[in-house]
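K.L.:
Now for the letters of each chain:
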Amino acid sequence: MARSRADAPGVANFRASRTPGDPIRDNAYMTRLMAVLLALCVILLGLLLVAVAAGAGRAGPLPHPDHAPMLVGIDGGELGAPTWAAYVAGIAMLGTMWVTMLIGFREGHWIRRAVNAWMVGYVLLFVVLMWSFDAYAAGDTTIVLGFTAPTSLLVYGLTLAPWIPLLAITWAFENAYFGPREQARFDEIVDTGGGEG
Amino acid sequence: MEANRALITLLAVIAYLALCVGVGLWSLRRTRSASDFFVAGRRLGMFVTAFAIFSSTMSGFGFVGGPGLMYSMGTSSIWILGTIVISNIIVLNLVAKRLRLVSELRECVSLPDVAAARYGSESVRASVAVVILLGVLGYLATQILAMSIVLQGVLADAGVIENPSLALCVAISCSVLIFYSVTGGIVASVYTDVIQGAIMVVASVFVFVTVLGTFDGGLAEISRIVAADDRAASGPWGTIGLMGGLAWFFVFGIGVAGQPHIITKFMMLRRMKELRYVIPVGVIAYSFAALLWIGIGFAMRALVISGAHPALATPDAASPTFLQTFTHPLLAGVVFAALLAAIMSTADAFLNIGTAAIMHDLPNAIRGRSLGNELAWARVITVLLAISAALVALYSGDLVALLGVFGWGTFAAGLVPVIAIGLNWKRANILAANVAVASSLLVNFGLRSGFGFGTVRLPYGVDHGAAALLVSLVLFLSISFLTKPDPIDRDIQRVMEL
Chain W
1 MARSRADAPG VANFRASRTP GDPIRDNAYM TRLMAVLLAL CVILLGLLLV
51 AVAAGAGRAG PLPHPDHAPM LVGIDGGELG APTWAAYVAG IAMLGTMWVT
101 MLIGFREGHW IRRAVNAWMV GYVLLFVVLM WSFDAYAAGD TTIVLGFTAP
151 TSLLVYGLTL APWIPLLAIT WAFENAYFGP REQARFDEIV DTGGGEG
Chain F
1001 MEANRALITL LAVIAYLALC VGVGLWSLRR TRSASDFFVA GRRLGMFVTA
1051 FAIFSSTMSG FGFVGGPGLM YSMGTSSIWI LGTIVISNII VLNLVAKRLR
1101 LVSELRECVS LPDVAAARYG SESVRASVAV VILLGVLGYL ATQILAMSIV
1151 LQGVLADAGV IENPSLALCV AISCSVLIFY SVTGGIVASV YTDVIQGAIM
1201 VVASVFVFVT VLGTFDGGLA EISRIVAADD RAASGPWGTI GLMGGLAWFF
1251 VFGIGVAGQP HIITKFMMLR RMKELRYVIP VGVIAYSFAA LLWIGIGFAM
1301 RALVISGAHP ALATPDAASP TFLQTFTHPL LAGVVFAALL AAIMSTADAF
1351 LNIGTAAIMH DLPNAIRGRS LGNELAWARV ITVLLAISAA LVALYSGDLV
1401 ALLGVFGWGT FAAGLVPVIA IGLNWKRANI LAANVAVASS LLVNFGLRSG
1451 FGFGTVRLPY GVDHGAAALL VSLVLFLSIS FLTKPDPIDR DIQRVMEL
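Listed in order, the protein sequences are those of chains W and F. Under the numbering used here, the first residue of the first sequence carries the number 1, and numbering increases by one thereafter. Under the numbering used here, the first residue of the second sequence carries the number 1001, and numbering increases by one thereafter.
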């Protein structure tokens, strides 16, 4: 069933499926990633449900005594959340991002290993931010580049550190993500309607 | 010049609105088919696509709501801005490539088209169209309300019209929005986005320089003043707290991959190889705009605490107040135009995808074909949708606010699994997709409305959208693992392997 762009369904008569569909050719790597993503989401949802069931964390920010509707925080911003739960939630949450960052690259390309290595550093950055917050909560108000030290780690660390993988992806775009080889294969898919050409 | 501040602002706003009308007329000749109307004929270049994505993301929330959050909650909202780079990598990896390829392969003009092609299911198309329509109505109404409030303030300050009513301002702003959206469709939308984006970037830089000059010692002094008043507000979590900040990082980091007004822009890209620079360019622009968000909100908090300015009536007044009080009149004029631009760029994107859902996706799902003469219908429905949203904005009371906050979380919870994960993982099936969409609506609306019993407060300030996203991801992934995968068209499977 050869097909070209000219034969493609027009906008007005677009249908969900042109053929009955084929059994899927599963990708074990992707399925493993999805299993990890599911596990991480279950951990995060479990933490939330346990907190709901225990009736924990009902306190919220309070109106500023002099300048409402401005708000003020409680116990330095922790709102009573246990530190261990913050570590688990933070690392699990970064884990979900790690999984989604590994999708879309050519199999076996070094960029996947690079993302893995970078993510280890990114998690460590989060841990350092948590430690830095302990010092801040204890009364240290060191200002670094315009913000308190832990906030600086958020602004210049967690926010900007992903530029490293972004630049790597941009640099390796054609080899790792989508290059002439993929374009040729895509053109062939369009021309053959998905057949092996 | 100071005496003419209000007049300068009004002139800048009028100039901007006239520019939008001009772009609408220019785009008219370039919009000859429904494909042109909805996906710009898939011929946008790298720079235009990058700025269209950036402008649609920033919206009025970035220029008004963001500084308002910094003012009221301290540093909490930096967790939203903190996702700027990582969320864009996630968008690139999860959706950009496959969305672009599937849309070219099947000549798709909307996300529900792509969902239908991926799952081979009209029910998935319908459920995605419904979630988009509900989210769009809320988002569009809040954007229309926001631009009308801005215009009302500008007209009142200039004294051109005595006590301009909100209805009048809705009529004026909607007329311009409808004009360029109807004449030029998405073509007009993305080219106004480029203008809007450029204004936003330049204005943000100048405003940030002004912020640095409000206190001797600049940003460091602002941080010291805020910390001395309330340590939480200057710490890494702000007043929302540790878990609340992390939840924002999660829902904005991953959730962006499900925002239809952002990701549909990838369907319009001319060539895949141009995708290489779209994300970096967009992220640079967003980073500049973030300066305004952080700078104005934090400076206003310090100014009020230090007694240099009286307390604000509402947090959202932080941005307009700072601009009117502390910036040069010319800069204030440009920024007010930029503010209107930010709001309109998001509104026109929603108008476009909402129109597609009504006249293309739902008819296709229900009766197997789209409406005839799609371009004409697209224009008619654009007008009707804008008027409906304007009426919701004017007369629905609290519902508009509820629908507005409902939008991001619903899109994230509904579309991240179905579109972003589904385009990459072949085991994802129709049942999982429909359950994920249904759960996104139920959990989001249930938590925010309490089904009539008031908003449900989650522990430690965790965002409702984060909870909804987690529930829908868990349901989507587990159902896909536990049930049989559906067959997928061969061409779609091969695209999923690229």
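Worth flagging that the hints you see were computed from the coordinates, not collected in a lab. All C-beta atoms in this analysis are idealised placements derived from N, C-alpha and C, irrespective of residue type, glycine included. Don't take every hint at face value.
[As the list claims (entries may be wrong)] What follows is a list of derived Cβ distance ranges for each label pair: (1) W:GLY46 - F:GLY1368: 42 to 50 angstroms; (2) W:ARG113 - F:TYR1277: 20 to 28 angstroms; (3) W:ASN175 - F:ALA1167: 40 to 48 angstroms; (4) F:SER1449 - W:GLU107: 39 to 47 angstroms; (5) W:GLY46 - F:LEU1025: 39 to 47 angstroms; (6) F:GLY1368 - W:ILE91: 30 to 38 angstroms; (7) W:ASN116 - F:SER1478: 23 to 31 angstroms; (8) W:GLU188 - F:THR1314: 28 to 36 angstroms; (9) F:LYS1273 - W:ALA28: 23 to 31 angstroms; (10) F:SER1478 - W:ARG113: 28 to 36 angstroms; (11) F:LEU1166 - W:ILE74: 34 to 42 angstroms; (12) F:THR1483 - W:VAL36: 55 to 63 angstroms.
[Claimed, not checked] A few chain F residues facing chain W, derived, Cβ under 7 angstroms: (13) ALA1220; (14) ILE1387; (15) LEU1391.
K.L.:
Would you mind marking each hint as holding or not holding in the structure?
P.N.:
Hints versus structure:
no. : hint                                     : result
1   : W:GLY46 - F:GLY1368: 42 to 50 angstroms  : 43 angstroms, holds
2   : W:ARG113 - F:TYR1277: 20 to 28 angstroms : 24 angstroms, holds
3   : W:ASN175 - F:ALA1167: 40 to 48 angstroms : 57 angstroms, violated
4   : F:SER1449 - W:GLU107: 39 to 47 angstroms : 46 angstroms, holds
5   : W:GLY46 - F:LEU1025: 39 to 47 angstroms  : 56 angstroms, violated
6   : F:GLY1368 - W:ILE91: 30 to 38 angstroms  : 48 angstroms, violated
7   : W:ASN116 - F:SER1478: 23 to 31 angstroms : 25 angstroms, holds
8   : W:GLU188 - F:THR1314: 28 to 36 angstroms : 58 angstroms, violated
9   : F:LYS1273 - W:ALA28: 23 to 31 angstroms  : 30 angstroms, holds
10  : F:SER1478 - W:ARG113: 28 to 36 angstroms : 29 angstroms, holds
11  : F:LEU1166 - W:ILE74: 34 to 42 angstroms  : 37 angstroms, holds
12  : F:THR1483 - W:VAL36: 55 to 63 angstroms  : 20 angstroms, violated
13  : ALA1220                                  : 5 angstroms, holds
14  : ILE1387                                  : 25 angstroms, violated
15  : LEU1391                                  : 29 angstroms, violated
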